[in-house]
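Visitor: Here is what each chain is made of, one letter per residue.
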Amino acid sequence: MVVAVSTSWVVDMAFAVFGMAAVLTGYRVFRTDSMVRASFWLLASFVNVGLILVLLNARFLGFSVVLMMAGEMSVMAIFMVMLMMNPAGLNPMTMVHQHRTSLAAGLLAFLALASVGVLVDFPDDPARVEPATVTAELGAEELGDSMLVFQTAGATLLATMIGSIAVTSRRGRYGDAEQGSVPPPLRPEADPADGEGAA
Amino acid sequence: MTLETVLVVAAALVGVGVYGALSQQSFVMIMMGIELIINGALLAGVGLWAYSTGGSPKGQMLGVVILTVMAVEAALGFAVMTNIYRVRKADITEKTKRLRG
Chain B
1 MVVAVSTSWV
11 VDMAFAVFGM
21 AAVLTGYRVF
31 RTDSMVRASF
41 WLLASFVNVG
51 LILVLLNARF
61 LGFSVVLMMA
71 GEMSVMAIFM
81 VMLMMNPAGL
91 NPMTMVHQHR
101 TSLAAGLLAF
111 LALASVGVLV
121 DFPDDPARVE
131 PATVTAELGA
141 EELGDSMLVF
151 QTAGATLLAT
161 MIGSIAVTSR
171 RGRYGDAEQG
181 SVPPPLRPEA
191 DPADGEGAA
Chain F
200 MTLETVLVVA
210 AALVGVGVYG
220 ALSQQSFVMI
230 MMGIELIING
240 ALLAGVGLWA
250 YSTGGSPKGQ
260 MLGVVILTVM
270 AVEAALGFAV
280 MTNIYRVRKA
290 DITEKTKRLR
300 G
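For the record, the sequence lines run as chains B and F.
Each residue of the first sequence is one higher than the one before, counting from 1 in the working numbering.
Each residue of the second sequence is one higher than the one before, counting from 200 in the working numbering.
Next comes chain F alone, as it looks inside the complex:
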């Protein structure tokens, strides 16, 4: 386990997340893609903390911030999705082509 291998795994997670977020039609599945991207960012950040910062706890604070971003993304994503479904009866992106109700 070296910094390079950790970063390559993180890059693979981001790549899979980009693929999922762009290819899926359902809002929930798009959110899962975004979660995978943030997951890769978290892994890369902690990898750099472990190998390149001499173990400064500030590096781990970045990880805590990324976890917060992940929670905010999930909560607001669910909220917006629920509202779109309520107003438009839409659960996939193709149904929201027109930005009016």
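Excised from the complex, chain B in its bound form:
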């Protein structure tokens, strides 16, 4: 059976619930008093977006988002504990700056993008696919015509892993990372070669 995205009222209701939940939980991320809770609100937002993707028949992408974000937000929660600005959540957190400007910028971004989405006449060409074969088609695309894109994404992830290890390494290029990046002197016992003093 070949179908476009379902137009049944159940799907509409589900989309309304997931859409509102995604935006509201996304907003709660920045309004909660605990940074650990903030990371789990963000996870909730991502799960809702993933479910919307599933409703749109992009099942592989939808479940990938849920899986990836479940892992990433667990790591994020550990970082939140390490960098917590308000240990134990005893005080209300005021960790914002330029609040009004940001609010205006966020609203402006929303209105501009939403008006583009509503006013622009995008081609009306709904995906007519068998939901069961969408994932198979994506797999054939990844290892077929778009293999270069797929391979590049893989190489990019590898470069990211190496890069993040290099950046966080305890040993910097010129010694301990705590020392900052001070280049060694050009002659023995001279000043570091970092500007005016350089020979």
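No lab work stands behind these hints, which were simulated from the structure alone.
Warning: the hint list may mix true and false statements.
Claimed, not checked - Straight line, CA to CA, 20 Å or less: simulated EDC-like cross-link-like pairs of lysine to aspartate or glutamate:
1) F:K257 / B:D125
2) F:K257 / B:E130
3) F:K257 / B:D176
4) F:K257 / B:D145
5) F:K257 / B:E141
6) F:K257 / B:E142
7) F:K288 / B:D176
8) F:K257 / B:D124
Said to hold, decoys possible - Covered stretches of chain F, going by a simulated chain B footprint (3 or more residues, C-beta under 8 Å):
9) 241 to 251
10) 268 to 281
Said to hold, decoys possible - Have a look at the derived ranges for each label pair, beta carbon to beta carbon:
11) B:A155 / F:V279: 16 to 24 Å
12) B:T156 / F:T292: 49 to 57 Å
13) F:R287 / B:A155: 29 to 37 Å
14) B:V10 / F:E293: 47 to 55 Å
The beta carbon of each residue, even a glycine, is placed where N, CA and C say it ideally should be.
Based on the hints, put chain F in the right spot on chain B.
Guide: Quick look at chain F alone, frame taken from chain B:
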């Protein structure tokens, strides 16, 4: 569920993300704002795939690329944040006003 409503939800996610990324002081919270922005981009991309491309799998490849961008952003963001904390003992943006150690 129409293309317009999907794009409006995506725009709302981007708007919330912009608000968060600009208003938060902590590096981790700024990263969460950026993640929300990319999340909105992903939703908009898949929405256009479902309603405007006739279901070409190339549209979903864009989604895969956006997922990659999200992972790269998170990994390198954590790495840079760890390094800044190690060198400057800074965890909020106000402590890095001077770009020297």
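Visitor: Now, for every hint given, state plainly whether the structure supports it.
Guide: Against the structure, the hints come out as follows:
no.	hint	verdict
1	F:K257 / B:D125	holds, 15 Å
2	F:K257 / B:E130	holds, 16 Å
3	F:K257 / B:D176	violated, 46 Å
4	F:K257 / B:D145	holds, 9 Å
5	F:K257 / B:E141	holds, 7 Å
6	F:K257 / B:E142	holds, 9 Å
7	F:K288 / B:D176	holds, 15 Å
8	F:K257 / B:D124	holds, 17 Å
9	241 to 251	holds (count 10)
10	268 to 281	holds (count 11)
11	B:A155 / F:V279: 16 to 24 Å	holds, 21 Å
12	B:T156 / F:T292: 49 to 57 Å	violated, 27 Å
13	F:R287 / B:A155: 29 to 37 Å	holds, 32 Å
14	B:V10 / F:E293: 47 to 55 Å	holds, 49 Å
When the structure is compared with the earlier hints, violations turn up for hints 3, 12 and for no others.
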